[in-house]
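For chain A, the structure is supplied; the task is to place chain B on it using the hints.
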Amino acid sequence: MKFRSLIFANLFRKKVRLILTIGSFAIALVLFTFLAVVNSAFSRGIDIAGADRLVIVNRIGLIQTMPISYGDQVRAIPGVKYVTQDHWFGGVYQDEKNFFPQFAIDVENHRKVYPEFIVPDDQWNTFVKDQQGAVVGARTAKRFGWKAGDRIPIKNTLYGPTKTWEFNLDGIYHTEKADGDESQFWFHWKHFDENVPAAVKSTAGWYILKLDSPDDAVRVAKTIDAKFANSTSETKTETESAFAAGFAKQFGNIEFLILTIGSVVFFTLLLVTGNTMAISVRERTSELAVLKAIGVTDRSVLFLVLVESVVIALFGGLLGLLLAWAAIPVISVALNGLLPPLLLSKTMLSVGLVFAVLVGVASGLLPGIGAMRMSVVNALRRV
Amino acid sequence: MIRVDGQGSGNSLIQVRGLSKTYRRGGEEIQVLQRLNLDVDKGDFVGFMGPSGSGKTTLLNLLGGLDVPTHGSITVAGDEITHMSGSKLTQWRARHVGFIFQMYNLIPVLTAFQNVELPLLLTKLSKSERRKHVETALSVVGLQDRMNHYPRQLSGGQEQRVTIARAIVSDPTFLLCDEPTGDLDRKSADEIMALIEELVAKHGKTVLMVTHDPVVAARAHTTLHLEKGVLVEASKLEQGVVAGGVR
Numbered sequence: 001m002k003f004r005s006l007i008f009a010n011l012f013r014k015k016v017r018l019i020l021t022i023g024s025f026a027i028a029l030v031l032f033t034f035l036a037v038v039n040s041a042f043s044r045g046i047d048i049a050g051a052d053r054l055v056i057v058n059r060i061g062l063i064q065t066m067p068i069s070y071g072d073q074v075r076a077i078p079g080v081k082y083v084t085q086d087h088w089f090g091g092v093y094q095d096e097k098n099f100f101p102q103f104a105i106d107v108e109n110h111r112k113v114y115p116e117f118i119v120p121d122d123q124w125n126t127f128v129k130d131q132q133g134a135v136v137g138a139r140t141a142k143r144f145g146w147k148a149g150d151r152i153p154i155k156n157t158l159y160g161p162t163k164t165w166e167f168n169l170d171g172i173y174h175t176e177k178a179d180g181d182e183s184q185f186w187f188h189w190k191h192f193d194e195n196v197p198a199a200v201k202s203t204a205g206w207y208i209l210k211l212d213s214p215d216d217a218v219r220v221a222k223t224i225d226a227k228f229a230n231s232t233s234e235t236k237t238e239t240e241s242a243f244a245a246g247f248a249k250q251f252g253n254i255e256f257l258i259l260t261i262g263s264v265v266f267f268t269l270l271l272v273t274g275n276t277m278a279i280s281v282r283e284r285t286s287e288l289a290v291l292k293a294i295g296v297t298d299r300s301v302l303f304l305v306l307v308e309s310v311v312i313a314l315f316g317g318l319l320g321l322l323l324a325w326a327a328i329p330v331i332s333v334a335l336n337g338l339l340p341p342l343l344l345s346k347t348m349l350s351v352g353l354v355f356a357v358l359v360g361v362a363s364g365l366l367p368g369i370g371a372m373r374m375s376v377v378n379a380l381r382r383v
Numbered sequence: 001m002i003r004v005d006g007q008g009s010g011n012s013l014i015q016v017r018g019l020s021k022t023y024r025r026g027g028e029e030i031q032v033l034q035r036l037n038l039d040v041d042k043g044d045f046v047g048f049m050g051p052s053g054s055g056k057t058t059l060l061n062l063l064g065g066l067d068v069p070t071h072g073s074i075t076v077a078g079d080e081i082t083h084m085s086g087s088k089l090t091q092w093r094a095r096h097v098g099f100i101f102q103m104y105n106l107i108p109v110l111t112a113f114q115n116v117e118l119p120l121l122l123t124k125l126s127k128s129e130r131r132k133h134v135e136t137a138l139s140v141v142g143l144q145d146r147m148n149h150y151p152r153q154l155s156g157g158q159e160q161r162v163t164i165a166r167a168i169v170s171d172p173t174f175l176l177c178d179e180p181t182g183d184l185d186r187k188s189a190d191e192i193m194a195l196i197e198e199l200v201a202k203h204g205k206t207v208l209m210v211t212h213d214p215v216v217a218a219r220a221h222t223t224l225h226l227e228k229g230v231l232v233e234a235s236k237l238e239q240g241v242v243a244g245g246v247r
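Protein chains in written order, with my numbering: chain A, 1 to 383; chain B, 1 to 247.
Incorrect hints may have been included.
Some chain A residues close to chain B (C-beta under 10 Å, calculated; not the full set) [to be verified]:
no., residue
1, Leu6
2, Ala9
3, Asn10
4, Lys292
5, Ala293
6, Ile294
7, Arg299
8, Ser300
9, Leu323
10, Trp325
11, Ser375
12, Arg381
DSSO-like mimics (lysine-lysine), calculated; alpha carbons at most 27 Å apart, straight line [unchecked claim]:
no., chain 1, residue 1, chain 2, residue 2
13, A, Lys81, A, Lys227
14, B, Lys127, A, Lys2
15, B, Lys88, A, Lys2
16, A, Lys210, A, Lys112
17, A, Lys129, A, Lys81
18, A, Lys81, A, Lys177
19, B, Lys132, A, Lys2
20, A, Lys2, A, Lys14
21, A, Lys210, A, Lys81
22, A, Lys236, A, Lys222
23, A, Lys190, A, Lys155
24, B, Lys124, A, Lys2
Okay, the calculated beta carbon distance ranges per label pair [what the hints assert, rightly or not]:
no., chain 1, residue 1, chain 2, residue 2, range
25, A, Arg381, B, Ser126, 30 to 38 Å
26, A, Val333, B, Gln153, 47 to 55 Å
27, A, Phe12, B, Asn11, 44 to 52 Å
28, B, Ser87, A, Arg13, 24 to 32 Å
29, A, Phe8, B, Gln153, 13 to 21 Å
Hint data in this document are derived by calculation from the structure and do not stem from the laboratory.
No residue lacks a Cβ here, since even glycine has one placed at the ideal position from N, Cα and C.
If we strip away everything but chain A, and leave its shape as in the complex, we get:
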């Protein structure tokens, strides 16, 4: 590009303004990326939900339990391949800030229903044999520096007199996908059942079932809910993605909130950079007029303005993404599990960069068109 020295020189014409504009881009990109990461964290369960999995919960609400006998009855329905159940434990490790989800799981069927959680066979076999054993996600293990063989005390907050339950950490699971949930803590449902008060015994928090085919989902869900209608524990059966979406919505309409804030960020940034470019172009009216006088075409003038705004946007965008890349893991750790793990994916980085370029083009477009249409005679007269 023959005009690069002109573009480069124009970029650094007002250094303070350049730094402030790039700074505003960077901060907006950090905010934009953070919002995207939070949104992704909340919707991750929906994205990774198996199409061939259904979740059964108590029709009254998620905190109400169901009899453990439902498992065998559900297993008998045609189209159901495997059934497993979970129970929420809600314990505390050392401090309430150290939140991570703990589930009492059905050791026999859990792996069949959730093949995406990968535990080395030797660790799993140890866990199966160890009634006080536990398996934890790699992220949580890393967070607290746990390793297989460690003894993990968890304060009991919901069930019975035993104040602290101690577990042997037998294994650490990973997920197939990089953004999979590696925060859970699992232990034996049998161990749970033996130690909880009578009112909680022989119950499941929810059931997860794997189907022979996703095509059976509607029929099986209707059959299950009909089967337990008018019982003491009526059920609500839905696909795993619908369950995850409903769960995320308990926090409010996160997606709408994030879209709204994101739009405000976008338009504010557009106004800031658009105004900056407009001022910058207005200051150079006579110079642009001279360029046109000596033979630079209208399109080239537009191109020069657009390249300038896009370069500013790219620098600001890259700086913002770099800051986000550095800050998001720190924020994620600082949140202590209050939010699902915040993961900045390559896709989000690419989207952020495209977002920056779009703002760059949009903010340079109006001043650029103005410069393109500017009459040389009038512009020179203004000098």
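Okay, now just chain B, sitting in the frame of chain A:
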């Protein structure tokens, strides 16, 4: 031979016929130029004088293809420019016209070298060829040792020299100077005029210049007076008037 009667030979470098320019301002029509004729040959140096608002700069803008006339035609080196499209006119300007402005209008963030190089960026010349041309142009104006200076590091006279170098670097058909010494002290103005004279005498450039200053105008081969949009007088006293034309 410069003529203003429209009776030129037809071989003139610049032929202007029946040129009129009317502006509308607040619903009122203002006729700036009225059926103006002009013939300028290659190597001529013509000065335009006249009071403010007489249409000097408008004439220069029309001759430089920066503006379009209401009526009439302008033909330069056989190209009739009055009916060219905007983009064709832009290309034509790049090839045929060198502009020298009163306020220099250099790009402040570019060095003298980069400013002079600008018109060449529109050509297919290689980087080394461009450098050669720029160095030649800067040596013609005596600023080869200042090529890496920014406009703020140059005096007004030096800035105007850079503008002249920028105007001649692509070897245009003619130069248009709008008050080239208007912002300079007398000494610098003399130096600039000497340079323009040299461009005409040594390098055979054709120069059309607008000025308020009679001393500067006297340096031109011919001075034409514009009053109320009409070329009413042609003077270069010592050369006399010939049948409405002058030399």
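query: Does the interface hint hold: is Ile294 of chain A within less than 10 Å of chain B, judged Cβ to Cβ?
result: holds (5 Å)
Satisfaction of the hinted span 30 to 38 Å by the C-beta atoms belonging to Arg381 of chain A and Ser126 of chain B: Holds, since Arg381 of chain A and Ser126 of chain B (Cβ atoms, about 37 Å apart) stay within the stated range.
query: Quick one, are Lys190 of chain A and Lys155 of chain A close enough, alpha carbons at most 27 Å?
result: Cα-Cα ~18 Å, so holds.
message: Please check whether Leu6 of chain A passes as an interface residue: C-beta within 10 Å of a C-beta belonging to chain B.
response: holds (6 Å)
Distance restraint between Lys210 of chain A and Lys112 of chain A, which requires alpha-carbon spacing of 27 Å or less: holds (8 Å)
task: Assess, step by step, whether the Cα of Lys81 of chain A is no farther than 27 Å from the Cα of Lys227 of chain A, and give holds or violated.
output: holds (18 Å)
field: Pair hint Lys236 of chain A and Lys222 of chain A, alpha-carbon separation not exceeding 27 Å
entry: holds (9 Å)
field: Interface hint for Asn10 of chain A, Cβ within 10 Å of any Cβ on chain B
entry: holds (6 Å)
query: Would the pair Lys210 of chain A and Lys81 of chain A pass a check requiring their Cα atoms to be no farther apart than 27 Å?
result: holds (5 Å)
- request: With chain B as the partner, please determine if Arg381 of chain A meets the hint condition of a C-beta pair closer than 10 Å.
  value: holds (8 Å)
query: Are Lys124 of chain B and Lys2 of chain A close enough, with their CA atoms no more than 27 Å apart?
result: holds (10 Å)
query: Given a hinted range of 44 to 52 Å, is it respected by the beta-carbon distance of Phe12 of chain A and Asn11 of chain B?
result: holds (51 Å)
Hint violations for this structure: numbers 9, 10, all remaining hints satisfied.
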